[in-house]
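Engineer: Chains as they are written, first to last, in my numbering: chain A, 1 to 102; chain B, 1001 to 1100; chain C, 2001 to 2213.
By construction, these hints were calculated from the structure, which means they are not laboratory data. All values reported here derive from a predicted model rather than from experimental measurement. Do not take every clue at face value.
[Stated by the list, open to error] Here are the simulated BS3-like cross-link-like pairs (lysine-lysine), alpha carbons at most 30 Å apart as the crow flies:
| no. | chain 1 | residue 1 | chain 2 | residue 2 |
| --- | --- | --- | --- | --- |
| 1 | A | Lys33 | B | Lys1007 |
| 2 | B | Lys1007 | C | Lys2083 |
| 3 | C | Lys2041 | B | Lys1032 |
| 4 | C | Lys2078 | A | Lys84 |
| 5 | C | Lys2187 | C | Lys2041 |
| 6 | B | Lys1044 | C | Lys2083 |
| 7 | A | Lys21 | A | Lys33 |
| 8 | C | Lys2083 | A | Lys21 |
| 9 | B | Lys1007 | B | Lys1044 |
| 10 | C | Lys2078 | C | Lys2209 |
| 11 | C | Lys2041 | A | Lys73 |
| 12 | A | Lys21 | B | Lys1032 |
| 13 | C | Lys2135 | B | Lys1032 |
| 14 | B | Lys1007 | C | Lys2078 |
| 15 | B | Lys1044 | B | Lys1032 |
| 16 | B | Lys1044 | C | Lys2209 |
| 17 | A | Lys73 | B | Lys1044 |
| 18 | A | Lys33 | C | Lys2135 |
| 19 | C | Lys2041 | A | Lys33 |
| 20 | A | Lys21 | C | Lys2041 |
| 21 | C | Lys2041 | C | Lys2083 |
| 22 | A | Lys33 | A | Lys73 |
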Amino acid sequence: MGGQDAGPICDDQHDFSLWEKRVDALMILCSGKGYFTVDGLRRALEDMGEAAFEDMSYYERWIAAINQNLIEKGAYSLEELGAKMAEVQVRGQTYGEASLGE
Amino acid sequence: MGNDPLKTGARVRIRALMPPGHVRAPAYLRGKSGSIERAIAPFKNPEQLAYDLPAQEHMLYRVRFRAAELWGAEAEHPDDMIEAEIYAHWIEAMEQSDAA
Amino acid sequence: MPHDHHDHLSPSGHPYRADDDTALSYWQSMEIAVRELLLEKSITTPAEIAAQIDAMDARSPANGAALVARAWCDPDFKERLLKDGSAASRELGFDVGPMLLIAVENTANIHNIIVCTLCSCYPRNLLGLPPDWYKSRAYRSRTVKEPRKVLSEFGVALPEGTHIRVHDSTADMRYVVIPARPNGTDKMSESELAKLVTRDSMIGTGLPKTVSA
Chain A
1 MGGQDAGPIC
11 DDQHDFSLWE
21 KRVDALMILC
31 SGKGYFTVDG
41 LRRALEDMGE
51 AAFEDMSYYE
61 RWIAAINQNL
71 IEKGAYSLEE
81 LGAKMAEVQV
91 RGQTYGEASL
101 GE
Chain B
1001 MGNDPLKTGA
1011 RVRIRALMPP
1021 GHVRAPAYLR
1031 GKSGSIERAI
1041 APFKNPEQLA
1051 YDLPAQEHML
1061 YRVRFRAAEL
1071 WGAEAEHPDD
1081 MIEAEIYAHW
1091 IEAMEQSDAA
Chain C
2001 MPHDHHDHLS
2011 PSGHPYRADD
2021 DTALSYWQSM
2031 EIAVRELLLE
2041 KSITTPAEIA
2051 AQIDAMDARS
2061 PANGAALVAR
2071 AWCDPDFKER
2081 LLKDGSAASR
2091 ELGFDVGPML
2101 LIAVENTANI
2111 HNIIVCTLCS
2121 CYPRNLLGLP
2131 PDWYKSRAYR
2141 SRTVKEPRKV
2151 LSEFGVALPE
2161 GTHIRVHDST
2171 ADMRYVVIPA
2181 RPNGTDKMSE
2191 SELAKLVTRD
2201 SMIGTGLPKT
2211 VSA
């Protein structure tokens, strides 16, 4: 996107929430274990298209890219992911309620 | 590209190809000319790594561009510099007579 | 996005992101699912995830500030830092990981600024996670074309005749700016100097704090 026109740079700063820190940790751990490279993540991020930059937050895009690479590498199947997400979504109303453990 | 790394100061042009998919040479630099700032080291080709393919090593260079070369009359200051890392397979050496 | 969360400030005074106090999102449910699948398949462990989060939390711009202050005080160290940023960082106990660190020096007439137009590459192993604006479309698009306007929006005024060098962190290098040492700091200790070095001054979107005469 270098050189494209864009509006002012917003300098809002937020603290990273736990789920964002977990996405970051999963990214580092899985790339360290050889499930993907940072290049594979970048490719998946780019393939989401320009609209994803408007519609999704930074770590939303990253968990989508991590998942895409893990599926491609066979870490788990789409069926397993679908079943697990359905299970998670009925656990509770908030992230804290849906996330088991700590 | 030959086997000898390009030397600092060598005039180069970035290839102007625009394939779809993951390309590590930024689009705004393709087709532009600049000079080698330094040769860094060989690295595996990210455009192969991105698709989980066996990846060949290519020399990675830092290439320096004048703002006027990239943006023409729109440049804020013609002599400002933009430097970026570019892999050898995106770089064409220019003849001395091509030098700006 | 409505700005109605400003009464919910975190301990550091920043607003929490809206995600924290609203309903479970689709992408959050994906994170939980991916994490649990990775645990079930013994690809990682809760302890590994916790340790990784702690390691990332422990990194902060203070590490980079220590590096810069040492470079200001020790010309030999600065020379080593400019030659091989990763090795010089390790001298101070900062392992910057597999990516190589390149330090670029601001001088009387050169100002350096770092951007990654392709994604959001940042010297995270030295400075911690990048600020939000560094990852924004606006910063990534504009900095290579109108760095002076970007700098003015960050409140950076440079002397007439300053040349700008923009570094687009496109591949395997990571960058840190060594800002110019402020005037009037000759008698300050290395640890006092480190307190002048801001995160933004090491990205190039800021200058070190000055000292009143």
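Engineer: Decide, hint by hint, whether the structure agrees.
Structural biologist: Verification of the supplied hints:
Distance hint between lysine 33(A) and lysine 1007(B) is unfulfilled; the C-alpha atoms sit about 36 Å from each other, more than 30 Å. For the proposed pair lysine 1007(B) and lysine 2083(C), the alpha carbon gap of about 17 Å is at most 30 Å, so the pair holds. Note on lysine 2041(C) and lysine 1032(B): the hinted pairing is violated, with a Cα-Cα distance of about 48 Å set against a maximum of 30 Å. A C-alpha spacing of about 52 Å is found between lysine 2078(C) and lysine 84(A), which places the hinted pair above 30 Å, so the restraint is violated.
Taking the CA atoms of lysine 2187(C) and lysine 2041(C), the gap is near 58 Å; set against the 30 Å cutoff, the hint is violated. For the proposed pair lysine 1044(B) and lysine 2083(C), the alpha carbon gap of about 23 Å is at most 30 Å, so the pair holds. A threshold of 30 Å between alpha carbons decides the hint, and for lysine 21(A) with lysine 33(A) the separation of about 18 Å falls inside it, so the pair holds. With a C-alpha separation of about 33 Å, the suggested pairing of lysine 2083(C) with lysine 21(A) is violated against the 30 Å cut-off.
Between the alpha carbons of lysine 1007(B) and lysine 1044(B) the distance comes to roughly 20 Å, so the proposed pair stays at or under 30 Å and holds. In summary, the hint linking lysine 2078(C) to lysine 2209(C) is supported, as the alpha carbons are separated by about 20 Å, within the 30 Å threshold. The suggested pairing of lysine 2041(C) with lysine 73(A) holds, with an alpha-carbon distance near 14 Å, which does not exceed 30 Å. At most 30 Å may separate the alpha-carbon atoms for a hinted pair to count; lysine 21(A) and lysine 1032(B) exceed this at roughly 39 Å.
Distance restraint check for lysine 2135(C) and lysine 1032(B): the Cα-Cα separation of roughly 25 Å lies within the 30 Å cut-off, and the hinted pair is therefore satisfied. With a CA separation close to 24 Å, the supplied pair lysine 1007(B) and lysine 2078(C) stays within the 30 Å bound. Straight-line distance between C-alpha atoms of lysine 1044(B) and lysine 1032(B) comes to about 24 Å, which keeps the hinted pair within the 30 Å bound. Between lysine 1044(B) and lysine 2209(C) the alpha-carbon distance is near 40 Å, which puts this suggested pair outside the 30 Å criterion.
Annotation: proposed proximity of lysine 73(A) to lysine 1044(B) holds, straight-line Cα distance about 19 Å (limit 30 Å). A threshold of 30 Å between alpha carbons decides the hint, and for lysine 33(A) with lysine 2135(C) the separation of about 26 Å falls inside it, so the pair holds. Proximity of lysine 2041(C) to lysine 33(A) is assessed by CA-CA distance (about 13 Å); at most 30 Å being required, the pair is judged to hold. Note on lysine 21(A) and lysine 2041(C): the hinted pairing holds, with a Cα-Cα distance of about 21 Å set against a maximum of 30 Å.
For the hint pairing lysine 2041(C) with lysine 2083(C), the CA-to-CA distance comes to about 44 Å; that exceeds 30 Å, so the pair is violated. With a C-alpha separation of about 12 Å, the suggested pair lysine 33(A) and lysine 73(A) falls inside the 30 Å cut-off, and the hint holds.
Violated hints, in rising order: 1, 3, 4, 5, 8, 12, 16, 21; the structure is consistent with all others.
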